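Trainee: Sequence:
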Amino acid sequence: MASQAGERPKGDQTHLEWKRKSGDRMAEEEEALDVEREAKTCVEAALEGGGAGCQEGRAFLRRWCWREVAGGARLRRDVTGEGDNCGSGAGEGNMRLGFTIQNCNSFSKMSAQAAKVTVLERSEVAPPPGSVPESSLPFTIFDIVLLYAEPPVQRLFFYPFPHSLGHFLDSLLPTLKSALSLTLRDFYPLSGKIRLHPGSHDKYELHYVEGDSVTFTVVEHDGDFDDLSGRPGCEYARLLHLIPQLADLDDGRRPVTAVQVTLFPNRGVAVAVSVHHSACDGSSSTRFISSWASRTAAGSGKAALAPAPALPFFDRTMIPNPSDLYSRFCSNFAVDAKSTESIMMNSNFSFHCSTTAVTYAYAWVCLVRLRGYPEEKHLYLAFPGDCRHRLQPPLPAEYFGNCIACYFVEAKAGDLAGEDGFTMAARLVGETIERLKHDPLEGMDNWPEKYREMWMQQPFSVAGSPSFKVYDVDFGWGRPVKVDVPSIAWLGAMSVSESRYADGGVEIGLALPKQELDEFEAQFSLGLTL
80 MASQAGERPK GDQTHLEWKR KSGDRMAEEE EALDVEREAK TCVEAALEGG GAGCQEGRAF
140 LRRWCWREVA GGARLRRDVT GEGDNCGSGA GEGNMRLGFT IQNCNSFSKM SAQAAKVTVL
200 ERSEVAPPPG SVPESSLPFT IFDIVLLYAE PPVQRLFFYP FPHSLGHFLD SLLPTLKSAL
260 SLTLRDFYPL SGKIRLHPGS HDKYELHYVE GDSVTFTVVE HDGDFDDLSG RPGCEYARLL
320 HLIPQLADLD DGRRPVTAVQ VTLFPNRGVA VAVSVHHSAC DGSSSTRFIS SWASRTAAGS
380 GKAALAPAPA LPFFDRTMIP NPSDLYSRFC SNFAVDAKST ESIMMNSNFS FHCSTTAVTY
440 AYAWVCLVRL RGYPEEKHLY LAFPGDCRHR LQPPLPAEYF GNCIACYFVE AKAGDLAGED
500 GFTMAARLVG ETIERLKHDP LEGMDNWPEK YREMWMQQPF SVAGSPSFKV YDVDFGWGRP
560 VKVDVPSIAW LGAMSVSESR YADGGVEIGL ALPKQELDEF EAQFSLGLTL
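Plus 79 on top of the position in the sequence shown (first one is 1) and you've got my numbering.
Watch out, some of these pointers could steer you wrong.
Said to hold, decoys possible - The list that follows gives simulated cross-link-like pairs (lysine-lysine, DSBU-like), each with its CA atoms no further than 30 Å apart:
1) 456 - 256
2) 516 - 195
3) 456 - 491
4) 282 - 195
5) 529 - 282
6) 491 - 548
7) 561 - 548
8) 529 - 381
9) 256 - 282
10) 381 - 561
11) 529 - 561
12) 381 - 256
13) 516 - 529
14) 548 - 456
Unchecked claim - Now the in silico label distances, taken between C-beta atoms and shown as ranges:
15) 306 - 520: 44 to 50 Å
16) 517 - 381: 52 to 58 Å
17) 381 - 229: 34 to 40 Å
18) 393 - 529: 24 to 30 Å
19) 390 - 451: 15 to 21 Å
20) 498 - 214: 39 to 45 Å
21) 377 - 289: 25 to 31 Å
22) 241 - 489: 49 to 55 Å
23) 276 - 390: 44 to 50 Å
24) 303 - 451: 34 to 40 Å
25) 214 - 303: 43 to 49 Å
26) 330 - 212: 52 to 58 Å
Source of the hints: derived by calculation from the structure; they are not laboratory data.
The structure displayed is predicted, hence computed values, not measured ones.
Cβ atoms here follow ideal geometry from the backbone N, Cα and C, with glycine treated the same way.
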């Protein structure tokens, strides 16, 4: 477990002391340069092939991902088109497909110019005393799959906030914390911890007892808010100071939630939440954040952009959960846009092609073409499907926990890189989504072996969904100017959300080495101009 901001690293990290709280800028710069030199070779290897390179490089990323290990750049392109998004649950309408490319291997002089980061407070926020009895929420098959998932589900929101540090501490911080406490009363499992059920060797649960809480960190940052919240070319590593880390094991129980609020005095504020993926999926964590935001806005006398989400639904009895399948997972599974319309018009589709299929397929094919894999190499795309409304009987959207299945598409590199590669990829994705509609638990008996086999193949994976509406999360300060998913840098994955600029739009994010960043931009643009 990586150390928290301001604390000395443990274990194999002791050769480099992290001194955010010391104010010793020269020592901090020397440390950053040491890390940069060590990181350059390892990160290049770790990111090769979509973030799944050599063991040494991946181990280095795990040790140093939260430090000055990687620079980065951002590019955007927004294009118009239309289509539906049956895979994510979004409705039909005019679409804007945007993309954000994050480069995790641009080693500039950023480290030597690092901003001062000061931890002002680290406290614990719990539900109001006596408001929640001791409770346990058993893991389902959807949860246990993600028991070993790295990194946590992460969201980072940037908001304009033209007020001083004093105003923030006196007026806003108490409201944020009291609203979080009340929200944790409703989403109490996020205050709890993962543990083995007493007397069991493989039955896990989310256990809450009075006194369990969420780590809440408050940070002051003297960097350029506008730089970090959207300027093209912003180094990715500078975002890592803004992300909270989950606490270490507590008496054999693993905390699942951490929150960090970072103030850029007189400029803006960043709100970040990390949640262990086995506790809940992106849909549930976004509902939690939206509820907290709505309560904060109300406590500040402001009207939020969207109404507060409905209360979470915790009933586990509606989830298929065969005991033998659960045990097999537990013992075997460990996972150390010119426009969409233009794209569709230039492809001969003999099937219904959704915006989801276009988005996934286009990004995948662009990446395959630039990497030049051997023609006979089998490549894989992995994407999540929300099963809530597809189960029989269906679950409410408010169901708390994980209710996603992972679906895989396989194709040869030569076919994907060929003239009809995009059409083929979109067809494969579209057909998989159609099967999901009719049988979301297809092949469930073979999931343990299938998941293990597929993840060993290092697929290009997808995180998030436009249906989460992350740009509607309003703490009383209006829409966020940017929402990031920092965890994609660990996974070589693609993040997907609605566009920050247009209702019904799509925005994708990628974490790539610098050379691949440039080549992907060329591939992406070429496809749009055909």
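Trainee: Determine for every hint whether it applies to the structure shown.
Mentor: Tested hints:
no.	hint	in the structure
1	456 - 256	violated (52 Å)
2	516 - 195	violated (50 Å)
3	456 - 491	holds (6 Å)
4	282 - 195	violated (44 Å)
5	529 - 282	holds (21 Å)
6	491 - 548	violated (34 Å)
7	561 - 548	holds (12 Å)
8	529 - 381	violated (49 Å)
9	256 - 282	violated (33 Å)
10	381 - 561	holds (21 Å)
11	529 - 561	violated (36 Å)
12	381 - 256	holds (16 Å)
13	516 - 529	holds (20 Å)
14	548 - 456	violated (37 Å)
15	306 - 520: 44 to 50 Å	holds (46 Å)
16	517 - 381: 52 to 58 Å	violated (44 Å)
17	381 - 229: 34 to 40 Å	holds (37 Å)
18	393 - 529: 24 to 30 Å	holds (28 Å)
19	390 - 451: 15 to 21 Å	violated (51 Å)
20	498 - 214: 39 to 45 Å	violated (57 Å)
21	377 - 289: 25 to 31 Å	holds (26 Å)
22	241 - 489: 49 to 55 Å	holds (51 Å)
23	276 - 390: 44 to 50 Å	violated (25 Å)
24	303 - 451: 34 to 40 Å	holds (38 Å)
25	214 - 303: 43 to 49 Å	holds (44 Å)
26	330 - 212: 52 to 58 Å	violated (20 Å)
Hint compliance for this structure: hints 1, 2, 4, 6, 8, 9, 11, 14, 16, 19, 20, 23, 26 are broken, all remaining hints hold.
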